[in-house]
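Chains A and B, in that order, give the protein sequences. Its first residue numbered 7, the first sequence is counted upward by one per residue in the working numbering. Its first residue numbered 13, the second sequence is counted upward by one per residue in the working numbering.
The set of hints was computed from the structure by calculation and includes no laboratory data. There may be inaccurate statements among the hints.
Computed from the model, here is a short list of chain A residues facing chain B with C-beta under 10 Å [stated by the list, open to error]:
no., residue
1, 125
2, 151
3, 208
Don't be surprised by glycine CBs; every beta carbon is placed ideally from N, CA and C.
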Amino acid sequence: MQDSISTRRQLLLQSGGGFALLALSQLLERDSTVRGAEGSQYARGFPVQHHPPRVKRIIQLFMTGGASPMDTYDYKPELERLHGQMLGPKEKPEGFTSPAGAIMKSPFSFAQHGQSGRWVSSVFPEQAKLVDEMAFLMAMTTKTNVHGPGTYMMNSGFLLPGFPCMGAWISYAMGNLTDDLPTFVVLPDSRGLPYNQKGCFSSGFLPPVHEGIVIDATAKPPIPDLFPSDRFAFASRSADHDGLELLARINQQYAEAHRGDDRLDARIASYELAAKMQLSAPPAFDLSQESELTHSSYGLAQPETADFGRRCLLARRLIERGVRFVQVWSGPQGAVNNWDNHGNIEKELPPMAVSVDRPIAALLRDLKARGLDQDTLVIWSTEFGRTPFAQGSVGRDHNGGSFVTWLWGAGIKPGVAHGQSDDWGYQAVENKTWCYDLHATVLHLLGIDHTQLSVRQDGIDRRLTDVHGHVVKEILA
Amino acid sequence: MKDRLPQLLIPLALLGGLSWLSSAMVEADEFSARQLEQFEKQIRPLLLEQCAKCHGRDKQEGGLSLSTRESLLKGGDSGPALVPGKPAESLLIKAVDYLDEPKMPPTGKLPPEKIALLRQWIESGAAWPQNSSLGGGEQSPGDFRVTEKQKQWWAFQPIQDPAVPAVRNVDWPRNELDRFILGKLESAGLSPAPAADRIAWLRRVTYDLTGLPPTPEEVDAFVSDRTERAAEAVVERLLNSQAYGQHWARHWLDVVRYADYHDFNPKLRVASCEITEAWRYRDWVVDAFNRDLPFDQFIVHQIAGDRLPSPSGEEIYPDGLIATTFLSNGVWDRGDADKEKIVSDMADDNIAVIGKAFLGLTLECARCHDHKFDPIATEDYYGLAGIFYSSHILKELGTKGGEYNVNRVPLIGPTALAKRAEQEKRLADINAALAEQDRLHRLQELTAGGSPLVPSAVKSEAGAVAMVGDDAAILFSGNLAKDTYLLEAVVPDSIRVRYLRLEALPDAVLPAGGPGRADDGNFVVSRFSASFVPPDGKTESTPIKFVAAQADFEQANFAAKSSLDDDPKDGWAVSPQIGKPHVAVFEIASDTAIPAGSRLIVSIEQRHADKHALGKLRLSVAETLPTSAPPDTPQRRDLIANRDRLQQELSVPVPLAMAVTDGGTPGGLFPGIQDVPIHIRGSYARLGPVVPRRLPQFLAGENQTAIARGSGRPELAAWVASPHNPLTARVIVNRVWHWHFGEGLVRTPSNFGMLSEPPSHPELLDWLTTRFIEDGWSLKKLHQRIVSSATYRQSSRVSQQAFDVDPENKLIGRFAPRRLEAEAIRDTILLANGQLDPACGGPAGDDFTIRRRSLYVQTARWQRDSYANLFDAANPDASTERRVTSTVAPQALLLLNHPWVHEQARHFAERLERDVPQNDAERIGRAYQLLFGRRPNDVELAIAQAVVASGGWHDLAHVLLCSNELIYID
């Protein structure tokens, strides 16, 4: 790492990094005591560790809108038998957007896959090949049939805004794996943000540093203000040593007069981190460094898979470089381009399925090929399921009663399924799991006892799992 | 750093120390908050998780239930399961130790640390909150009981007026406050820190009271004023500045989860549910601070300002209405398909914010169950909830899936509104009169000149009877249906035909006087067409092409032009101008020449609806179409002048506020003023018994006057703002202390409940609170008392001895340096640049690159990565009692690279050049004075000169803006 500072100076000069930054890297070179970013919240996170962790990093894939279980992973032959019969609730259940129609079978064919014989519909041909590596929660359930609260609940465990999401809790509890990149990165669909917009990635009452950093995978630079704009490139290139000394002196004099105030060191360290990010972030986001084979396996050349595929690949590159938690969203909020298939399952679901199926399979295979599966967890999730009754004649309405989540990777018992919905896939009946249980399990894999990770907020000890949550041991290796 | 640390396990040794108690004798009341907390955090979850399935409310295997402490003591078939204080004798421990049958839990032995927890718990007396069942079951109303410990809690005791303590160092105190501080320091063997230097104090107090740095001129004036009153004068000047209210309003806005908008992007804001008028509340808060509105009144305004009479006797009281935006600018979801939930979330938000902001209580905990720690029952919560369910925040419940509508109230009174309505009516009348003048003028022009066509043949397809009068007008009667008239006439030879005219004429015999035959006198000409046969006898009939059509009057959506197409749905019609003559004029294409003597065949289709046929018409032809303005009569000039004046007066829209008024949510479960039932587990779908609207019983007393009229908000406000309420005045005094010193005397400013940390200086808190109430709840007097103290004047330097004895500065033996808030950093840069726009109030600007104070840069609930957020501004999704201070790389990136910062560096460099055109050393000195309030030393000056020589003033400016001295104050 000895190369770092002189190389950095050179690079900064070339990239028009600006006088001030150059000044700081100089300053830091002279002041070896601030190495390691002591005091910066990125570096300092207190690894909360209640038991040895199985997982160090996480990629969460979130299907916005409520991915239909009975058209993907929850095979319900009973729906074929009862197709067309008016057996649903007579009154419109709370949160349904319209009265329940007739029982509707899935328009897709199902087949069993792998050793585990897991049923998967024809919309997920690629993921179907990997079911033996996944662990399924087949009877997830939630408190709401409404997108906004449902998306909050799956992310923060609460129906209301203002609570930290899982990524923020993990950042808070575990800290970072690298100084060079953010700890919690969100990669939203290029067509827009999910329900609740950035509320889903909020740090709530935790320090703002734990908030998910939203990165537009196509923007340059991907991290805001990474470099000065060209407009100001004129500034500072010719700066010389005197300027560096001034800033060093200003800050040092000030620090000397305020011994014991570690915030001042932290601030100096934060400038070093900024310098590191300038060097590390651009290559992390540069997909051209990946082979053609990788590009094609993630489907980057096909328009239907390019966006999600690019973000899956980016997710792998980021966790590989030490980002702790990456969330990849499929679909924005709103009436189209997501998994909220009210109008026509047969028409609306397949394009969404196609857009994620191959990228997800490629991601899992890629992680495995690189050995990242040894400490990486992948979660596939959505905010709720859909009704076994038709909405209109061929769509499905929201249904919090039962939906599917799967986990893959480190610490997971491969090929298992936990929980069961009723014969229609309407309500979870056996081994029901809530977001609390999913969150408790994820924290458990990270070495954290979810009941012990709490923060006092206005006199209440708040947890990600509120007062609930059980680790789902049945799906753990 | 002041992060919140995760709540760590309470060392078990602390609990072990209690085991000497003869535990069986311990009353539930006697358990400490810490023991109960331990139970809640560790034992209850453990029992619930491991045991409750088989030994709970639903199932009691072996006759054993762990539902209550009593049921454990009673035990099951094998005898008592629990002997408090004696783990070895407790069956529970024997079972989990797996030493003997039964081995519990049967699925596998518990990990040793869990067994140790249970053992410790029993050893220390098996703490269990009173009247609490293990869980899974529902509590029945009436279970709730206030414990002795709660009754004794300091914050619920009346406010005292303690004697000012005696101190040894009698020279140090500047006022009584100092004696309380010094007393504690002396007891700990410490002395206060020496006084800060004058510049440090001036910077401190100026930032503290205004959020801005002192200008170099203010520094000079203060440093050279050696009089006794110099400091006092500074404080007076600052408290009387507009900037004081702007800065202190921001503190308050943190507490009340204030936002300017939901959506950051102006284009995406949805008018109905957007909190567009929130800024009026912010401006009111600024104004209230600036005029030192007594804080008790400040409270009453916010909870029930809509019910306050206007102090000046006006019909309405705008400030009162605006202040209630405190309630309506809250945090709830937009509801989507579940609108009822918004209503219960709104009531919850209101209860929560009132609890936290004014009372320092977490009232909202009692939404789903009795408060676990504080004396607040679920019934108390729903007594309060009824008050907010009876208040009107949404216009109506709204439709599922749709947006909700915020209730907006006009800020002008009934008289002004009536006057406005009258003005609007007059304007409409004038516009109608002018339009009628225009129409008559047009009618006259469109019918001037030309020649009427005397029909040679008239045919009605529906079989109506046509009578042609002397004036060439044709009156239709008889059969009435969708009809097409065919008329023939010979073109007179005196005229070159450029226009065909269709006059629709009134007649007394027609319904409503005509000109149509429909019941209301209207008609619709769905298609008007014509052809001609030249007189040569050789040529066939030629269709006439029309290029334009106009009329003296056209009914909305029924223009004459639409009768030129084939669509039967539209056409020319004249409602409501019934009983009057009208004319439509059709312009013939210029390449169509109709020779004199031609036979003209005109078709008038009226296929829009039955009966909508013309009753009386006349055809004519014309060569020209005069156009002129209506004659300019004095009467018309009058009308126009009146119209313009009225339009001007009405052009200012009626000011609105997001005010809360009495009445529930129309269309919802609770549409009016009513008591509400307990919501079991907080769900509106599972309702329990109704609770009358009332105040919390322990806190407000058993004997409350029933809320007889209205929502009950005035009654609630009066109780909250009462000098006898033990919480309210203490809470605000502590907040003010917190904002001055960075830590409160109670270090949990929004929670004075049983889980809070008791005050470091309880006597001082009470003494200050008593003076505050005596001073008429004046915040400015409180500020004066605090900032003029020797305590506030202390330096931030700390001796090793003081640091060792009091590392957290709980005794306040020094001043705690702090980082500027996001707003102050930005405002400082703008002020130093000379760029700060002093404009006050009004809607917030869109982003931080505007030049106004940061208070006026929008805070949007759905945008969390703004500049302000990066520097730890409050999250408007929840009441914020304190800002955290984070120091992260993205802040450095912003200051280094954001175009705005570069712009500011440029402005700063330019300002320096303007201020000091010639002398470099002087100019550098000016930079230091503007930013740091001091002059550079010789070394700094020399280096700065060298920087300027090589990198220019922009670089120097930029480096100084990035420096620590700018953003940390002593």
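Comparing the hints with the structure gives:
1. Against a cut-off of 10 Å between C-beta atoms, the interface hint on residue 125/A is violated, since the closest Cβ of chain B lies about 30 Å away.
2. Look at residue 151/A: its Cβ gets to within about 7 Å of chain B, closer than 10 Å, so that hint holds up.
3. Residue-level restraint check for residue 208/A holds (minimum Cβ-Cβ distance to chain B is 6 Å; threshold 10 Å).
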